[in-house]
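Enquirer: Working from the sequences, and respecting the hints, build out all of it.
From first to last, the protein sequence lines are chains A and B.
The opening position of the first sequence corresponds to residue 1 in full-length UniProt numbering, with each subsequent residue numbered one higher.
The opening position of the second sequence corresponds to residue 1 in full-length UniProt numbering, with each subsequent residue numbered one higher.
Calculated from the structure, these hints are not laboratory results.
Where is the CB? At the ideal position from N, CA and C, for every residue including glycine.
Do not rely on the hints blindly, as some may be mistaken.
Claimed, not checked - Here chain A is said to cover these stretches of chain B; the calculated rule only asks that three of the stretch's residues, wherever they fall, bring their Cβ under 8 Å from a Cβ of chain A:
1) 13-23
2) 328-338
Unchecked claim - Computed footprint of chain B on chain A, listed as stretches where at least three residues anywhere in the stretch have a Cβ under 8 Å from a Cβ of chain B:
3) 73-87
4) 332-338
5) 341-351
Said to hold, decoys possible - Now the in silico label distances, taken between C-beta atoms and shown as ranges:
6) A:Thr-36 with B:Lys-289: 36 to 46 Å
7) B:Gly-176 with A:Arg-54: 52 to 62 Å
8) B:Lys-234 with A:Asp-137: 48 to 58 Å
Protein chains: 2
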Amino acid sequence: MADLSTTLPLTRDSVIEAHKLIQPHIHRTPVLTNRTLSELASTPRSAEDLRGTRWEGRTPARPVLRLWFKCENLQRVGAFKVRGAFHAIERLKMEPGWVEGGGKEKGVVTHSSGNHAAALSLAARESGIKAHIVMPDISIPQKIAATRGYGANVVFSGSTSQEREAVAARVIAETGARLVPPYDHPDILLGQGTMGLELQEQVAAMMADEEAAAGKGFLRAETTRATTAAAGKKGLDAMITPCGGGGMLSGTALSCEGTGIRVFGAEPSFEGADDAKRAFYGDGQRIEKVKTLTVADGLRTPVGKHPWSVIYERRLVAGLYSVTEEEIKAAMRLVLERFKMVVEPSACVGLAVALFDEDFRSMVEKEASEQGWDLGIVFSGGNVGADAIGRLFG
Amino acid sequence: MADLSTTLPLTRDSVIEAHKLIQPHIHRTPVLTNRTLSELASTPRSAEDLRGTRWEGRTPARPVLRLWFKCENLQRVGAFKVRGAFHAIERLKMEPGWVEGGGKEKGVVTHSSGNHAAALSLAARESGIKAHIVMPDISIPQKIAATRGYGANVVFSGSTSQEREAVAARVIAETGARLVPPYDHPDILLGQGTMGLELQEQVAAMMADEEAAAGKGFLRAETTRATTAAAGKKGLDAMITPCGGGGMLSGTALSCEGTGIRVFGAEPSFEGADDAKRAFYGDGQRIEKVKTLTVADGLRTPVGKHPWSVIYERRLVAGLYSVTEEEIKAAMRLVLERFKMVVEPSACVGLAVALFDEDFRSMVEKEASEQGWDLGIVFSGGNVGADAIGRLFG
Chain A
1 MADLSTTLPL TRDSVIEAHK LIQPHIHRTP VLTNRTLSEL ASTPRSAEDL
51 RGTRWEGRTP ARPVLRLWFK CENLQRVGAF KVRGAFHAIE RLKMEPGWVE
101 GGGKEKGVVT HSSGNHAAAL SLAARESGIK AHIVMPDISI PQKIAATRGY
151 GANVVFSGST SQEREAVAAR VIAETGARLV PPYDHPDILL GQGTMGLELQ
201 EQVAAMMADE EAAAGKGFLR AETTRATTAA AGKKGLDAMI TPCGGGGMLS
251 GTALSCEGTG IRVFGAEPSF EGADDAKRAF YGDGQRIEKV KTLTVADGLR
301 TPVGKHPWSV IYERRLVAGL YSVTEEEIKA AMRLVLERFK MVVEPSACVG
351 LAVALFDEDF RSMVEKEASE QGWDLGIVFS GGNVGADAIG RLFG
Chain B
1 MADLSTTLPL TRDSVIEAHK LIQPHIHRTP VLTNRTLSEL ASTPRSAEDL
51 RGTRWEGRTP ARPVLRLWFK CENLQRVGAF KVRGAFHAIE RLKMEPGWVE
101 GGGKEKGVVT HSSGNHAAAL SLAARESGIK AHIVMPDISI PQKIAATRGY
151 GANVVFSGST SQEREAVAAR VIAETGARLV PPYDHPDILL GQGTMGLELQ
201 EQVAAMMADE EAAAGKGFLR AETTRATTAA AGKKGLDAMI TPCGGGGMLS
251 GTALSCEGTG IRVFGAEPSF EGADDAKRAF YGDGQRIEKV KTLTVADGLR
301 TPVGKHPWSV IYERRLVAGL YSVTEEEIKA AMRLVLERFK MVVEPSACVG
351 LAVALFDEDF RSMVEKEASE QGWDLGIVFS GGNVGADAIG RLFG
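Expert: Here you go:
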């Protein structure tokens with residue numbers, strides 16, 4: 001990882017700089033809409049739906065939500081993580097003396113739950129840099145195979161962040177490799193934030209094109225139009241991203257600074273995985289240890305120090321919400337069956353909040369005008385094997 | 001169904017007429033490419049891969065195939081069947097005296113394995129026409145629910161085509177409804193063939209745009225580019241579609257007549273589901289009875305009379321190929337895991353042929369120039385529940 005003294009400040013302009021640097025290496029993934037899901041999000045849940053949930057007995061909220069999905073499941077390596085990884089590698093190559101000191105041969109190392117591992121391996125390979133990847137031994141076989149497929153050296157560890165970091169430290173001592181952590185570094189944050197820039201631009205362009213497209217019958221119903229065209233709207237009102245280590249959430253928040261677009265984070269609640277939410281609405285002290293086996297396996301880590309400075313200390317995130325395992329699976333089922341798109345469980349927490357979290361939904365009802373909100377939802381990744389889908393729904 | 005005396009002749013021009021009629025009602029679904037799948041199709045299989053298959057011991061073929069996927073899984077009701085259904089309804093409304101004779105109230109009826117049922121229900125509802133749907137009692141629950149969701153009256157029957165047709169005849173006697181068969185009618189063929197027109201146009205446009213797009217880094221790798229850009233190519237060399245009743249295959253063949261694009265059909269081989277292939281390479285006599293429970297549940301029917309006249313008698317289809325249940329599932333797994341797209345098993349037979357059928361692959365090696373072929377593959381539908389994916393791969 002590039003030395004902290006050489007990193008750019010955590011600002012929207014730096015996200016724009018990062019985008020210029022990584023654009024040749026990444027996909028500009030499509031933004032899609034889905035009438036069925038927008039209609040579902042805009043339909044009040046019934047008293048029956050709320051029975052047995054934490055909102056039993058509450059009057060169901062009546063938000064109007066037009067959903068815009070940023071399909072990072074179609075990103076290279078199947079996840080947004082390539083954004084941060086390519087940015088980290090490009091910045092590392094720019095660090096004075098690193099290449100000259102044999103940096104490429106010494107390589108890079110990371111500890112990761114999977115997608116960052118594949119992303120860093122790819123980014124390193126494209127620059128001819130060695131990559132050592134420390135992975136939990138419970139990682140899904142597909143992710144391990146993908147990482148090895150990119151030519152990386154895989155080293156196994158236990159599944160807590162402490163165990164992984166210890167093994168990474170050993171690799172550094174042995175090889176001289178530079179650590180590229182999965183989220184807790186400014187270069188990673190700024191890289192992930194480039195997703196937010198694209199989502200802003202794409203939705204604004206789609207809104208401008210919408211009338212023309214509607215007239216032509218091009219992908220009119222389920223696949224490109226929100227429930228009701230928002231006449232005269234120029235862009236999104238809000239975005240919601242998953243929050244694990246917080247790289248994507250904090251980067252997205254930076255990308256929206258000064259634009260008026262509110263940014264929210266979504267977490268699983270299972271076994272305390274909602275560490276960011278608890279700290280955010282608690283005493284503001286970042287929670288440093290989490291041990292959860294939530295089905296959202298990309299979101300098992302506690303939020304990092306750098307992300308937290310953006311999310312909480314600078315108040316760039318407007319709120320955090322958490323969803324149950326069942327809500328995550330229900331959202332994933334809808335995406336598979338109605339959107340015909342494969343997304344991993346971690347990618348479904350934002351949609352689950354929009355559909356099922358009555359706190360979020362009543363907030364939207366209060367904050368939005370009658371026109372409702374245009375909400376950007378990040379499908380952060382699509383790396384889930386057919387076998388894993390089978391275990392989830394079989 | 002419109003009376004046969006009022007239908008258009010089976011020509012490419014009639015497909016163009018059909019397209020004008022149905023365009024306001026359907027999606028122009030996207031055409032996508034996928035580097036991983038094109039590379040896989042262009043990699044010779046190993047002797048090990050062929051062990052235990054019907055090609056054991058044969059020298060693996062070395063075709064070059066750039067694959068272009070027409071995503072009818074993103075079509076309305078999740079399948080291409082809306083094309084034929086809307087065309088049938090529009091033509092019926094044009095039949096002299098039908099509306100005036102109370103046709104809309106008497107309604108329409110069909111026997112279907114599922115997607116045609118949902119498609120006809122939707123098309124009928126949008127014109128205020130009653131729909132009665134005869135469905136096999138083993139249809140997947142999601143398809144039954146979808147059909148009822150479009151307001152149709154569902155009537156159950158056994159699963160052979162004979163059993164279904166008998167129940168449909170009873171409904172006609174009781175209600176005066178007009179039969180709209182799932183494939184064996186010129187209006188249906190011509191409607192389905194509109195897919196082929198769009199695929200031709202879209203690939204030609206994408207080839208023209210390719211250089212510009214490549215320069216911009218827009219969806220460069222896995223999701224829009226074939227393995228190697230085919231410099232100077234103006235369109236597809238060939239298309240392959242699934243063949244059940246043959247409506248899509250024959251309509252597509254009509255859409256390509258005179259264009260130089262070859263059209264192939266793909267079938268499951270399980271329990272004799274490859275009726276069209278057997279007749280095509282046999283004595284040319286259409287096989288009228290098939291009883292199979294292939295996993296490709298949309299392809300369990302024998303090919304119809306009208307489709308057969310185009311496929312075989314007019315020699316508009318260049319060849320038929322069949323694949324095993326395991327090959328269909330392997331193709332579906334690749335689409336789920338590498339393309340991140342949900343397709344139903346029936347939609348995977350064309351890809352399975354391109355990847356696994358050594359007869360097809362060696363034919364391509366022989367027929368194509370060194371540049372290889374640009375091959376259009378039809379993802380015909382995406383209606384498979386998460387539970388069914390679970391049963392297939394769990």
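Enquirer: Examine the region 341-351 of chain A: at least three residues should have C-beta closer than 8 Å to a C-beta of chain B.
Expert: holds (count 3)
Enquirer: Is the gap between the beta carbons of B:Gly-176 and A:Arg-54 within 52 to 62 Å?
Expert: Holds - the Cβ-Cβ distance for B:Gly-176 and A:Arg-54, about 54 Å, lies within 52 to 62 Å.
Enquirer: Has the region 328-338 of chain B got at least three residues whose CB is nearer than 8 Å to a CB belonging to chain A?
Expert: holds (count 4)
Enquirer: Test coverage of the region 332-338 of chain A by chain B using CB-CB distances below 8 Å; three residues minimum.
Expert: holds (count 4)
Enquirer: Okay, the region 13-23 of chain B and chain A, do three or more residues pass the C-beta test at under 8 Å?
Expert: violated (count 1)
Enquirer: Starting from the range 48 to 58 Å, see whether the pair B:Lys-234 and A:Asp-137 falls in it by beta-carbon distance.
Expert: holds (52 Å)
Enquirer: Assuming the hint says 36 to 46 Å, is it satisfied by the Cβ distance from A:Thr-36 to B:Lys-289 or not?
Expert: holds (38 Å)
Enquirer: Report holds or violated for chain B covering the region 73-87 of chain A, Cβ cut-off 8 Å, minimum 3 residues.
Expert: The restraint on the region 73-87 of chain A holds, since 4 of its residues have a Cβ under 8 Å from chain B and three suffice.
Hint compliance for this structure: hint 1 is the single one not met.
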